[in-house]
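First to last, the sequence lines map onto chains E and S.
Using the working numbering, the first residue of the first sequence is number 83, and each one after it goes up by one.
Using the working numbering, the first residue of the second sequence is number 83, and each one after it goes up by one.
Some hints here could point you the wrong way.
Copies of the same chain are indistinguishable here, so a pair counts whether it falls within one copy or spans any two.
As the list claims (entries may be wrong) - Pairs of lysine to aspartate or glutamate residues, derived as DMTMM-like cross-links and limited to a Cα-Cα distance of at most 25 Å, are as follows:
1) Lys495 - Glu97
2) Lys298 - Glu192
3) Lys261 - Asp163
4) Lys202 - Glu215
Don't read these hints as lab results, they were simulated from the structure.
2 protein chains.
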Amino acid sequence: MSQAATQYNAREIHELRETLRNTNPVDVAERLESMDDHQAIMLFRMLPKDTAADVFAYLSRDMQENIVNAIQDYEIAHIIDELFLDDAVDFIEEMPAGVVKRVLSNLPKEKRNIINHFLKYPDGSVGSIMTIEYVDLKEFLTVAETFARIRRDGVDKETIYTLYVIDSQRKLLGAVSAKKLLLSSPDDKIGDIMQREITSATTADEAESVANDFRKYGLLAMPVVDAEGRLVGIVTVDDILEIQEEVATEDFELMAGLSPSDEPYLKTSIWTLVRNRLPWLIILMLIGIIAGVILDTFEDAISAIPVLVTFIPMLMNTGGAGGSQSSTLVIRGLALGEVALHDIFKVLWREMRIAFICGAALALVNFIRVLLMYNPDTLGLSVALLGLSVSLALWITVFMAKIVGCSLPLLAKRLKLDPAVMAAPVITTVVDASSLLVFFGIAKAMFGL
Amino acid sequence: MSQAATQYNAREIHELRETLRNTNPVDVAERLESMDDHQAIMLFRMLPKDTAADVFAYLSRDMQENIVNAIQDYEIAHIIDELFLDDAVDFIEEMPAGVVKRVLSNLPKEKRNIINHFLKYPDGSVGSIMTIEYVDLKEFLTVAETFARIRRDGVDKETIYTLYVIDSQRKLLGAVSAKKLLLSSPDDKIGDIMQREITSATTADEAESVANDFRKYGLLAMPVVDAEGRLVGIVTVDDILEIQEEVATEDFELMAGLSPSDEPYLKTSIWTLVRNRLPWLIILMLIGIIAGVILDTFEDAISAIPVLVTFIPMLMNTGGAGGSQSSTLVIRGLALGEVALHDIFKVLWREMRIAFICGAALALVNFIRVLLMYNPDTLGLSVALLGLSVSLALWITVFMAKIVGCSLPLLAKRLKLDPAVMAAPVITTVVDASSLLVFFGIAKAMFGL
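The following block holds chain E by itself, in its conformation from the complex (with noise of 0.2 Å):
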């Protein structure tokens, strides 16, 4: 690489880097996502050392590779070490095997070691969204020597409001507030102010669930321990918000039969774009075709009556949308944690009543259509019958599409899979088949086919 600051004189220099020294991290970072490769990479390596890290915290993945691949063995170590220990994992967890190994083996043995734990933690889990980077307290401490310490060690850490406290054997007994702190008088033992009851989080929990907590309860952070109790990390609100919005994301892309993608949509590539959509397109595609040969065995019945094909993309229509409803709610119940496992019944029973209503307003809704479109001297046949048939049979469907959208979230859930996944194909496979058995059997029973 060409020396970046062939092109700047000293003072130019000297200009940019306060500008970029007084300028947020996360837009210096926006602003070399904007530029070619090279310019973003002399840009980078004329950011102050200390601001550095953070910059690179917030570059996306291949910006952040580009930048590693350019850079010198110890300024990679460098950042890697300035960085908070879960921006570390994040951005290791991201890179290519080679790239991987080429920073592990600049960096200290010791932090080597805890990153290497650290990358064990399976993905969506606690142990892989929590850092190590918090002040933890002793009872004995007061006071003015926790605000002595707050200056000594505090610099370096996530956050300083809440301070955990634990005993010889790190077994976590509580917490203070930095609020508590100010208000307490300084000879005021650690001890005696600091709060027993305290929510906490282990390695293994889903960090879905802690977001839940998170919002629920108002905390800026929560402390992480292991089996014995003992404090190993904690998790902040940031990520919280970040978690919670992924989570989100990746559920509204399940739902629509994509297979979820960590990058904005505007900076994936066609091709990841593709690869994302066409699996479950195919899959779709493949599932239409059940629903067309039980449409094949009812050759017989459409040849008679050809107008029955023409509520075909109405049920099928009705019964999908009314089968998304349930399974929507359900899904982003069991998401908020506001339905759990448990409460399958109630939900079963709230939805067949629900069912029951929506599938016999709209049944009548129907029945009063068919009898103002269709004339009986033109169609041949009893308009009330068809009428009757079809609303028969749309009630039907309603009621199964809201049944199987309702519990297959629920039975995705029990089988430890994620209960979005199942929802689009499943119930389209499920809702278009009966549909059409229903339908077709109905108007054959009653026109005596």
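We have chain E; now place chain S onto it with these hints.
Just chain S now, with coordinates in the frame of chain E:
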């Protein structure tokens, strides 16, 4: 109401109060919700005065209304006065007119005026979620004086971790974090240590876009200014966690054809759930008629080649799924601020390429499966020609579906509608109708009908 005290002796009450005082208000509220109304009100009245308001803020609107109806005017006034302003405003917005009148008339005039002012901010605006319990500072204060001020005023503030610096006209000059204060020397002047470049919002901004800023910059609080740049309130991260969750839930519901609801699924009445679902189902059902009418016009083609009918479910499902993949990504991108209105041509160009590739792959798979599944002898026509017409129709359908799917949310946004709201019904209509027109048009041309 009977007096709670009659059923407990003095020591029991004391113990119960102590337990309640040491329990998180969120958990007390949850316990109250699980009791019958009479018990819940009794227990609520036993709460120590200083925790009653905290608990009240976390109760459901039904329980809040029950309690307000059961207690004395002076008790109401006390609770509402103790609430953070944003919680008080939320509560009053949800209550029926009679309750609102009674609550407001018992408040001090000044508080009443502030609440009336806040009630005017539109739902979903920053004004509607901000609060006024913040600490403001002047530039000339020292760090030591600031700590004294936090000790004096801080106890009733929503946050003391970000403090806002204003001039004599209340214009926002900057912010200083409690961390910065703790790491500075007592004689430092606020004006010298404060951060001048800070992100702020106005009361009219959308809460959703402010949530994106919180996530982007990892904020704990954001100042809110009026049109003249004067500090009028703050938004805190706990409210942002809720807003982010509510906005996502609302989009999930709109996209599934549901009127959004604030209450958790299991706590919503059957009739409310029916009311949220039925209008959409009726609309979708009536929309299904359009596809039926189109099918009706192709009666000749269907009676000439009955097997054509069996491809309808597959065409409609694949088209619908292809469209909802595109609309979901665009809706989510808009919500997260990753896609903007001016990106429309970029989005269209991406979706056209993706649709071309996905459509081609689907057409190919479909062509092969038609060749494999159908026998020209029993069918009485060219299987290759049949496969070709279905595959061509499928390709065009997927293409149209993706173009419609990606442009409709952007169009809705342009018309200042919620992008999520137009997704399901309009895409379904357009895709269903046009896929039938294309399919039968191609089939008629190919088979010379």
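Can you give me the call for Lys495 and Glu97, within, between, both or neither, at a CA distance of at most 25 Å?
neither (57 Å within a copy, 41 Å between copies)
Go through the copies and call it for Lys202 and Glu215: within, between, both or neither, with a Cα cutoff of 25 Å.
For Lys202 and Glu215, only the intra-copy Cα distance (19 Å) is at most 25 Å; the inter-copy one is 43 Å.
Cα distance capped at 25 Å. Does Lys298 pair with Glu192 within a copy, between copies, both, or neither?
neither (37 Å within a copy, 31 Å between copies)
Intra/inter-copy verdict for Lys261 and Asp163 if alpha-carbon distance must be at most 25 Å:
between (30 Å within a copy, 22 Å between copies)
Violated hints, listed in ascending order, are 1 and 2; each of the other numbered hints is respected by the structure.
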